[in-house]
Amino acid sequence: MKRFRPAIAALAGLLALSACAGGTGDDAGSGTPQDGGTLKLSFWPDNANFSCIDPFQVYWIEHRSIIRNFADSLTDQDPQTGRIVPWLADKWEISPDGLAYTFTLKDGVTFANGVKLDAQAVADNAEGWIETVEATNGAAYGASYIQGLTGAEVIDPRTVKLTLSKPNSSFLQATSTTNLAIIDPAAFARTPADRCLGTGVVGSGLFQLDHYTPKVETVLTKRAGYTWGSELAANRGEARLDRVEFSYVAEDSVRTGNLVSGAIDIAWPRNPFTPQDETLITRSGATVEKRSLPGVASTLFSNTTAGRPLADPQIRRALSKAIDTRTYATTIFGADYPEVQGPFNATTPYFKSEAAKVAHDLAGARQILDAAGWTVGPDGYRVKDGKQLVIDYPLPSTATGPGPELLQAQVKEAGIKLELRTLTTAQSATYLAEGSYDLTGTYFTRADPGALQFIINPDVANSKALASRIGSADEINQVKALFAKAIETTDAAQTQAAYAELQDYLIDQALTIPLFERVQKAGVARNVHGFAFTSESFLKLNDVWKS
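Start counting the sequence shown at 271; every next residue gets the next number (the numbering used here).
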């Protein structure tokens, strides 16, 4: 086998980055780094999703931020270029057929409990992932990262081979993620539910998990003897901080107030700060660090079942043109918020800007509807054959903020009636399966465009009911073919070309209607230095210190 050149490396210099790139972790100008102290960070409460701190199972991005700092991965991903670099593995090879990934591990790495991290430990993790997928009936979030993984073979104490049933160009990037972080394999003797609560979950990171109390706090403590940080950290050795305390605060205003008063060091909201809170933070001398979350943008998806209005691609195109994404972003999130440019957020590798195609074009929307025979009625809404153009947009009862009403007002200008319908808890659980909607929204966070598969490709989607209605059979087959072309190869140029073609197709057919870029923001106190985001837009603590 020849030494593998990471496919994603071809994107260096090509990766389109969001205007809000976030902190760099560079301490230049911040003084000499100091050791010691406790960092206090407040997240949004973890009870909005299932409580879990197990790397392989959890989706909740706040806990993936915590995991990133106590559990290392085989590789790391450069947030600026998308390039995959060594971490626990010194090097790797991919077989010419793309079915075998052979990793050579660093020597001397241990888990926080002193157990050696060797090839057997990695192999046991791979087997544990597969078993967890079976035990959870595919519900574990990590299942989407190991598509096609069939097993692992120990070649020697430092060499392990992971095998796939078919090529998957996204797999190398998967090995850099928190969800495929390596933990002491003894944890896999525990039930998935026990691991979610942190029982037996021991990583090899620069911090160790001290305890996790759902809905209350998570605490990390410094590990002695850590020397194997990835090349993407300025400090590859022991953490500067002694302890990190993560608390959970429901009210955004309370979290912001705690930062401004000095009660906490970092305020990390689930949704971006309001413009008012951001002003309070910056006036206090703190900074707002920000970076777009990679992966699928916050996107509207249509129910194209026969008889539904959005089965007509012309109506989908008109709807897309009627939405003013720039005004939406700045009205909801503030004047400096970036405008969405396509199916993916701009920090996603292989991102291609579709800005010209998704730009607001009210005249174009009206022209499409006129040509399709939809005339404007006396109430301003379009009518054809005696039927009003109504699009049913159900919303969960937990939905807050002015976004839906703003969207409703925008599309009315084109004569489209967007009917907002609040769902009960029971209806929220069944409306997708029943198909009782015209429009719905979702997203997917991952620093690889393959993430969209798990929304839009019925063969692997988390919701097959949603995926099967996103387009016609021919359209879905074309999407699947483009994904196959991008993923089932080791040729970086082919992957890049296929993803570019896919993004064009999704927008041209209005199979995805991007609504807004998803931006991660954090308020950081003035005495906190070295703040940095990972490629997943999670917190990286290697270089963080307090003065």
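Warning: the hint list may mix true and false statements.
Stated by the list, open to error - The list that follows gives simulated cross-link-like pairs (lysine-lysine, DSS-like), each with its CA atoms no further than 27 Å apart:
#: 1; residue 1: K654; residue 2: K682
#: 2; residue 1: K386; residue 2: K431
#: 3; residue 1: K436; residue 2: K627
#: 4; residue 1: K431; residue 2: K627
#: 5; residue 1: K657; residue 2: K431
#: 6; residue 1: K386; residue 2: K492
#: 7; residue 1: K682; residue 2: K657
#: 8; residue 1: K816; residue 2: K436
#: 9; residue 1: K436; residue 2: K755
#: 10; residue 1: K492; residue 2: K755
#: 11; residue 1: K654; residue 2: K687
#: 12; residue 1: K687; residue 2: K657
#: 13; residue 1: K386; residue 2: K376
#: 14; residue 1: K361; residue 2: K376
#: 15; residue 1: K376; residue 2: K431
#: 16; residue 1: K376; residue 2: K485
#: 17; residue 1: K734; residue 2: K750
#: 18; residue 1: K431; residue 2: K361
#: 19; residue 1: K627; residue 2: K682
#: 20; residue 1: K687; residue 2: K436
#: 21; residue 1: K361; residue 2: K436
#: 22; residue 1: K386; residue 2: K361
#: 23; residue 1: K734; residue 2: K755
#: 24; residue 1: K627; residue 2: K687
Claimed, not checked - The calculated label-pair distances, taken between Cβ atoms and stated as ranges, are:
#: 25; residue 1: G656; residue 2: S554; range: 23 to 33 Å
#: 26; residue 1: E401; residue 2: D649; range: 32 to 42 Å
#: 27; residue 1: T308; residue 2: D582; range: 18 to 28 Å
In case anyone wonders, no lab produced these hints; they're calculated from the structure. Quick caveat, the model's predicted, so the values are computed rather than measured. Heads up, the beta-carbon is just placed ideally off N, CA and C, and yes, glycines get one too.
Item to complete: Decide if the proposed pair is consistent with the structure: K627 and K687, CA atoms, cutoff 27 Å inclusive.
Response: holds (23 Å)
Discussion item. Given the hinted pair K386 and K492, is their Cα-Cα distance within 27 Å?
Written reply: holds (18 Å)
Worksheet item: Is K376 close enough to K431, meaning Cα to Cα at most 27 Å?
Response: Status holds; Cα separation ~15 Å.
Item to complete: Measure nothing beyond the straight line between the CA atoms of K657 and K431; if it is 27 Å or shorter, mark the hint as holding.
Response: Given that 27 Å is the threshold and the Cα spacing comes to 60 Å, the pair is violated.
Worksheet item: Regarding the pair K386 and K376, is the alpha-carbon distance no greater than 27 Å?
Response: Given pair K386, K376 holds - Cα atoms ~11 Å apart, limit 27 Å.
Discussion item. Checking one constraint from the list: CA of K436 to CA of K627, max 27 Å. Satisfied?
Written reply: violated (34 Å)
Discussion item. Does K682 sit within 27 Å of K627, going by the straight-line distance between their CA atoms?
Written reply: holds (20 Å)
Discussion item. Can you confirm whether the C-alpha distance between K436 and K755 stays at or below 27 Å?
Written reply: holds (12 Å)
Worksheet item: Is the straight-line distance between the alpha-carbon of K492 and that of K755 27 Å or less?
Response: Distance of about 44 Å is beyond 27 Å: violated.
Worksheet item: Are the Cα atoms of K376 and K485 separated by 27 Å or less?
Response: violated (37 Å)
Worksheet item: Within 27 Å, alpha carbon to alpha carbon, are K654 and K687?
Response: holds (13 Å)
Item to complete: Starting from K386, check that the Cα of K431 is at most 27 Å away, please.
Response: holds (18 Å)
Checked against the numbered hints above, the structure breaks hints 3, 4, 5, 8, 10, 16, 20, 25, 26 and 27 and satisfies the rest.
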